[in-house]
Structures are given as C-alpha cells and as structure tokens.
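K.L.:
Residue-level listing of the chains:
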Amino acid sequence: MIPDDDVILDIQGLGKRYRDGLVALRGVDLSIRRGEIFALLGPNGAGKTTLISVVCGLVNASAGTVRVDGFDIVRDFRQTRARIGLVPQELAVDAFETVRATVAFSRGLMGRPPDPGHVERVLRQLSLWDKRDAQVRTLSGGMKRRVLIAKALAHEPSLLFLDEPTAGVDVELRHDMWAMVRGLRERGTTVVLTTHYIEEAEEMADRIGVMRRGELVVVEETASLMRRLGSRQLTVVMQSPLPALPPALADLPLSLSEDGSTLTYSFDAQAQSSGIADLLRRLAGQGIDVRDLHTSETSLEDIFVGLVREAAA
Amino acid sequence: MNRHAIAAIYRFEMARTFRTLMQSIASPVLQTTLYFVVFGAAIGARMGEVDGVSYGAFIIPGLIMLSLLSESIGNASFGIYLPKWSGTLYQVLSAPVSWIEVVIGYVGAAASKSILLGLLILATARLFVPYEIAHPLWMIAFLVLTAVSFSLFGFILGLWADNFEQLQVVPLMVVTPLTFLGGAFYSISMLPPVWQTITLFNPVVYLVSGFRWSFYGISDVNVVVSLAAIVGFLAACLLLVWWIFRTGWRLRP
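So the sequence lines, in the order shown, correspond to chains C and V.
The numbering used here puts the first residue of the first sequence at 1, with every later residue one more than the last.
The numbering used here puts the first residue of the second sequence at 1, with every later residue one more than the last.
Rather than coming from a laboratory, the hints here were simulated on the basis of the structure.
One should not assume that every hint holds.
[As the list claims (entries may be wrong)] Short, incomplete list of chain V residues facing chain C, as computed with Cβ under 8 Å:
| hint | residue |
| --- | --- |
| 1 | Arg19 |
| 2 | Tyr90 |
| 3 | Gln91 |
| 4 | Pro177 |
[To be verified] Below, in silico cross-link-like pairs of lysine-lysine (DSSO-like), each with a Cα-Cα straight-line distance of 27 Å or less:
| hint | chain 1 | residue 1 | chain 2 | residue 2 |
| --- | --- | --- | --- | --- |
| 5 | V | Lys84 | C | Lys144 |
| 6 | C | Lys131 | C | Lys144 |
| 7 | C | Lys131 | V | Lys84 |
[Claimed, not checked] The calculated label-pair distances, taken between Cβ atoms and stated as ranges, are:
| hint | chain 1 | residue 1 | chain 2 | residue 2 | range |
| --- | --- | --- | --- | --- | --- |
| 8 | V | Leu34 | C | Pro114 | 36 to 46 Å |
| 9 | V | Phe18 | C | Asp206 | 24 to 34 Å |
| 10 | V | Ser98 | C | Asp29 | 24 to 34 Å |
No residue lacks a Cβ here, since even glycine has one placed at the ideal position from N, Cα and C.
Pulled out of the complex, with its shape left as it was, chain C reads as follows (with noise of 0.2 Å):
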C-alpha cells in the first residue's frame, strides 16, 4: 500500500463501456506515485488511450472513480484538469496560429496568466524558439508533435500524459523526448506514457503497467519485469532421442522433449554469461551429439498472453 500523500493519480474500478456496446476498459485499478514515470504497455485496442482519456475529461466512464491529487474527475473536474498536461496521439494542431501564439493559448486555456518567459522556456526546450513566429502549418510532423508537448506544458502540470509520444518518430526526437521526460521528472513531474514499444517502456519507466482487453494484467518495477520478459531459450536438437534427461544434467534448467528429440535450456539474455558454453561441453561429456541449435526470445506478443495466463491463475 502506497501512502496516500504519494499518490498522484488513483483509479479505481474504472469501466468504459462505449455506446456501440465496445468495453474498452474492465475494472482497472491503478495508483500512480508522484513523481514516477510509469508506462502502459499493450497491444492496439488494449484501452490504453481510452484510461488516459477518462483520466484528462475527454471521455466519460461507465463505472469506477478517478482521483487526481485528492480530487475527484467528475466533481472537482477543475482542480484535476488544471494539474494535468495531455499530448495526444493525433497530431491534431492548429494550423493558421503560430507556434508561440498556440501554447501561449494553452496556457490561457488551462486557467493560468500569460507568462511569456515560461512560453519562451518550454519552446527553447523544445528546440521550437526558431520556430516561434511560423505557421504551424509549414512545420514537419517531427515539429508538430513538439509543439502538441509544448502546448500540454506551457500551464506546467504536475501530471503529464504522453500517448504514444514516439510513434513514428525520427530517432533524434525520441532520443531529445526522452532526455526532456527525464528533465521533467527532476523537476517533479510524473508522467504517464503509452507505448508498445517494450524498449521505450524499459529505457524510460521506473515501473510499467501491461493492458490487454481493457484489463491491467499486470503492474510491476521495470527492473524485475525486465528480468523475466529477458529469458530466452536455446533448443538443442540431437543425432539420436534420449529416453530421459540424464542424471548429471539435472542442476541445469533443462527439458526434454517428449520425443527425446530436443532439449529446451533457458537462460537469462541480460545476464553476463549465459551458460551456454558450459552446457554444451557437458552435453558433449555426456556422449550427446548435437545435430543443430536455435535460440528464441519470447516476443511481445507470447508476453502479454503469459501475463495474461499468469494473472488468471
């Protein structure tokens, strides 16, 4: 149990269904700490954008509570919106305005006085101050999306939601998002992101969250989820069956086929040695000739069905 005094953001019970009878989210319940960056992971559909949605006033639950800072969503809808910053994953921009005259607008349209120095910040940041008297129009998609962070910064949230922030993104932006979301934790704010990407979700969440079918299967530290999502197997295939696994490889995590055809050896990827060249000179002293090799990793998709096996029994 967090405390409540640390929890930024507290879900509970939340349910979406929408009119076309689609359930998007199924009784999720989720605390955010302040000051974390947290990251959902899921498939397309999984109800990620949906949970961001309900939380940012955009879309209307069905079921459950939603409370930011102690503040209701619903009753006290103004305190929760004011500490809350969207990029949405739509590049949907004003097109005419230029770039200083749109987030300076967003921080108008938030509740919070004009302040162009902190305007000027945000696009320096950004690397949009060269930008500030262009059309939004004339700027590249790479450019636009610092422009939609920009805007959900300029009334500087304590609460910040990215949806899928790097999808189809150049690698120099992705790289400058993540040092900027890196920044803005220093300085306290905790963000929120979706991804599908299991490498954005590692190289920046302190924990991640995995949605799939509008349910939170599972919520945990990046490190230790990391560790398991890492395990790979080697299969060995060998000249002739073996009736059972020999005594003397009993230590190893191995298993034999039921054929006898193949041996399955897991091992850790992130580990410093896999101990694969042990098993193999084993294998060899144990008289077992081996015909041919592969290793897997297990991809996202046999992850999420495990988890999803996992959190069912």
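Given chain C, put chain V in place with the hints provided.
P.N.:
Chain V in isolation, oriented as in the chain C frame:
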C-alpha cells in the same frame, strides 16, 4: 470562473476573424452595399413611402438583420466546428472550463464580430440613404441580443454538424428563406391577410419588426412581443447548450 480561458478562446477566435478580414468583414459589407444601391437607390426611388418612411430608409434595419443573422450563425458554427473537425477540440474538452466559459469565449467572439459588422453596415448605409435612429439604446439592445442569440444558435449547429454539408444546409435552406420572408424588404401589412397570419410564425418577423421600431418608431408587431420573442429564443438556446455539455452529446463518447 476561468477568466484566462475565456480570454484565450476569445482572442483565438478574434485573431481568426482578423486573419480572414476580407471574407469575414469586407464581403458582407460589400454585399449589403449592393442591396442598398439596387433596392434603396435604384428601385426605391420609384417606390412610395412605407408607413411614412422612404423605402431606402425602410429597408436598412431589415438588411442589417439579414447580415447579422447569417454572419452570427456562420461565424459561430464554423468557430466550433473547425476544432471539432481538425481534432483540436480535445484541448477545450480537457481544460478546466465549464460550458459557461466555452460559450462566453466562442459565442462572445462570434457575436462581437457580428455587432462590428452591423455597425459597419449601418455606417455604410449613411452614404446612400439618410436615416434617423429614434431609440439608439434600444437599437443597440436589439443588435446585441440578436447577435448573441443567433451566435448561440450557430454554436449549437456547429456542435451538431458531422460534416461541412450539414454545416451549410441549415443556414441555406432554413435561415435564408426565413430572413427573406421576414419583412426585411416589406411591411407585412402589404401582404394578403392569409399570408399576414402565416408570416407571424416566422421568428425573424419579430426581430426585424423590433429593430425597425428602434429606428423609426413603426413596427409590424408590438415591440414588447419582439423583445419577448428574442429573449425566449436566447433562453432556449442557452438551455440546449447547457444540456449538450451536461450530457456530452456529440462531445464526449
């Protein structure tokens, strides 16, 4: 009340107006000027007085109303439809604002523009036709009330519309006929008795009549009825907008 948000929306909308100055101000003024030249100066010279007022002067209030209605609806519906269409409305929906701030910002800007336009047309008319304003304060009151209530109506239209065609169809197919048949160019006493009765179901008749009264002290219907009609329409629109934001109709899935 989030006054910074109201200011932000209002400034945003007014900036859009001034960016498209030709289209939003100059062309309606030009159009109305053409009406004055054709109906006021050319045809009007051959027409007798209506209720003791020269025809050129008689049509001024009606022509201003005509522009005021179509521009108020057009500005306000486009102002809210555009962000809905481009997807930028998410900002407003996720902002710490209630329907009141959104309406004051968007409808206030659309109405300001219409009022400015009405006054410009009034000034332009002076170049062609001499006229007097008997009740200037009432004239301003009718101008403001009409601009606000029809901007509100346009705002609802913009929220309702799902595509550009729907956005155009109501002004073209409903509002334009009603304004032309609303007594802008004639006094309803000039109509056959049956049409005089039918015409009383046209809400625009009350607007034009009340506005004309503020100029010349003459009216087709009692000025109090005119005032009540427009205030009633304003109240109905406000109620509808309140309901839309309360239920999230066409705004929040």
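K.L.:
Against this structure, judge whether each hint is valid.
P.N.:
Evaluated hints:
1. Arg19: This interface hint holds because 6 Å falls under the 8 Å limit.
2. Tyr90: holds (6 Å)
3. Gln91: holds (6 Å)
4. Pro177: violated (33 Å)
5. V:Lys84 to C:Lys144: holds (18 Å)
6. C:Lys131 to C:Lys144: holds (11 Å)
7. C:Lys131 to V:Lys84: holds (26 Å)
8. V:Leu34 to C:Pro114: 36 to 46 Å: holds (42 Å)
9. V:Phe18 to C:Asp206: 24 to 34 Å: violated (47 Å)
10. V:Ser98 to C:Asp29: 24 to 34 Å: About 29 Å separates the Cβ atoms of Ser98 of chain V and Asp29 of chain C, which means 24 to 34 Å holds.
Against the hints set out earlier in the document, violations occur for numbers 4 and 9.
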